[in-house]
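Between the sequences and the hints, there should be enough to build the whole structure, so can you do that?
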Amino acid sequence: MNSTIISLKNITKRFKVGEGEFTALKDINLDFKKGEFAGFVGPSGSGKTTLLNIIGSLDSPTEGQALVMNKDIAKLSHKESAALRNHHIGFIFQVYNLLPVYTVYENVEFALLLQNHSKAKRHKMVMEALEWVGLTAIADKKPDKISGGEGQRVAIARAMVKRPELLIADEPTANLDAENAHIILKMMKKLNKELDTTFLFSTHDEKVMKYLNRIVHLRDGSVEEDEIIVKEAYQ
Amino acid sequence: MMKLAFQIAYKNLMGAGLRTWLNVAVLSFAFVIIIFFNGLMDGWNRQSRTDSIAWEYGHGHLQNDAYDPYDAFTLQDGHAEIPSKVKNVTPILVQQGNIYPEGRMMSVLLKGIDKEQGTIKIPTEAFTTSTAQFPAIIGNRMAEAAQLKVGDQVLLRWRDKNGTFDASNITIVDIFDTTVASVDSGQIWLPIETLWEMTGLHNHATLAIANSNYEHVPIEGWNFESQAEMLQNLDDIISMKKYSSSILYILLLAIALLAIFDTQVLSIFRRQKEIGTYIALGMTRLQVVRLFTVEGSMYSFLAMIVGCIYGIPLFIFLNAKGIGMPQASQEMGISLADRIYPIFGLQLIVGTILLVTISATIVSYLPARKIAKMNPVLALKGKLQ
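Keeping their order, the protein sequence lines are chains R and F. The first sequence begins at 1 in this note's numbering and counts up by one. The second sequence begins at 1001 in this note's numbering and counts up by one.
I should point out that these hints are in silico values taken from the structure, not numbers from a laboratory. Treat the hints with care, since some could be wrong.
To be verified - The following residues of chain F were derived to be distant from chain R, with all beta-carbon distances above 10 Å:
(1) Ala1072
(2) Ser1239
(3) Leu1281
(4) Ile1316
(5) Tyr1341
Said to hold, decoys possible - Simulated crosslink set (DSS-like; lysine-lysine; CA at most 25 Å straight-line):
(6) Lys71/R / Lys33/R
(7) Lys79/R / Lys1370/F
(8) Lys1381/F / Lys79/R
Every residue gets a Cβ at the ideal spot worked out from N, C-alpha and C, and that includes glycine.
Rendered as structure tokens:
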């Protein structure tokens, strides 16, 4: 563990609901260092996804300061936040969000297209990412021809192919059976160790929690407990 | 980045399958119809101009000041001797008369023309080979209306310069076929010397048709209307017809564009998660707007290719074989051939491609602007209304 890449100070997020407001996050103060394998845990409506969205620069806080890789999320323009996501942050979604008209290879390649890499370099990086997740054999298949577990592995490859410093995974195992969930989590843990990528999860899945080094318990938008797990379940 | 937008848009369109090809089919039809109608109009325009020059206008008309071609009452006095300094013209004397084919009375215009002339295509050489005392030439329309054929004689009554009626049988020595109704319908062509004799208006002319060597100098009592001025009336008619027929293809284009607009609106609603994913992967909202706009405008590109596949052979065929015009349409008073050969020029094709492409891009951009205002978090959840 080394430098701090995420620093959340007094983060509050409120949404308008009809005439009133709903407070999704209340005065959150957290720091995450590079290489952490951490998760936000809590029941539905506790603010896990909202917090991940702010960290991923998809949303901004109503109050407080969210520094991600020394960039103040609230002050970023659309272009700057897109560049942050493009170069430094990978996303894994609950329902994979693969682009349906693209093959597995093209889905993984997409993030690199936005970075203007040469075709040869893209090919090398995509094949490497597909090797990490063990999917080189189905590179030409389209998302509707692969299983859920394979789909989530494609999503991991797509998120990891650009070697981001931070990977955000929103309920990544929610649609997977136990066996596939373990495969995915082991894979992510391995990438975390090998590439020193920071992983941030939102989950209420016990299986995921077993793999986390740090669990931040959220309840009603507040941090209930920030639990550092000393012994790694993966080992 | 535009290259990327094109790559992604192409993949998305191909991935959309039948929906894409339905839009492309409708748009390609609009392409072909627009080019066809404009080509038809251009062909008609060219044919009308060529025939009007050959049969009626020559290189312009030198008209007596008192003569108004749209006012029959001016025929009485709208003539004079042509000044001797006027060269390279074919004088025409226009008078009124009546014929009595099969006992019916028909009002006609008598047009006297030099039998040696070569300025317009009226076949006056038939006068020189005829031995009839009053040889006459008429057009197909007149022949049909009066039930006359070559060799027939018909009683003609006219008035001389003093207003005295006279009558004699004229002999039809030739019947010509022309697309220019204004030298045919209700008209009888006679040798100008004969008409001079008949009316006593020696050396008089109502107008004179200039040939290619004519050089105009102002002459008192005579007004020169150039070929370009005379063609302007024709151009106005064609242009008016072009506007009226353009309503059809504007409607067709509107249907095609509506299909694209509808597809875009549905796409943006249905593909919210995809849009959210693009943004999460690092595309700016502007890039996503551009992507959807390119997708829409790419319909027009594909439509152009599809349109070429069936349009080019069709246009080549029509250009070679022409399009038959119904008989009724040839009686509208303007020059219209039995067959019109459409002209599909480069300007027309490029203009149509630009029109359709720009229109498709605009209707694609309009709904795509909504993306710029999308909340990516809601888009990812597919919760936008």
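request  = Hints the structure violates: just list their numbers, smallest first.
outcome  = 3
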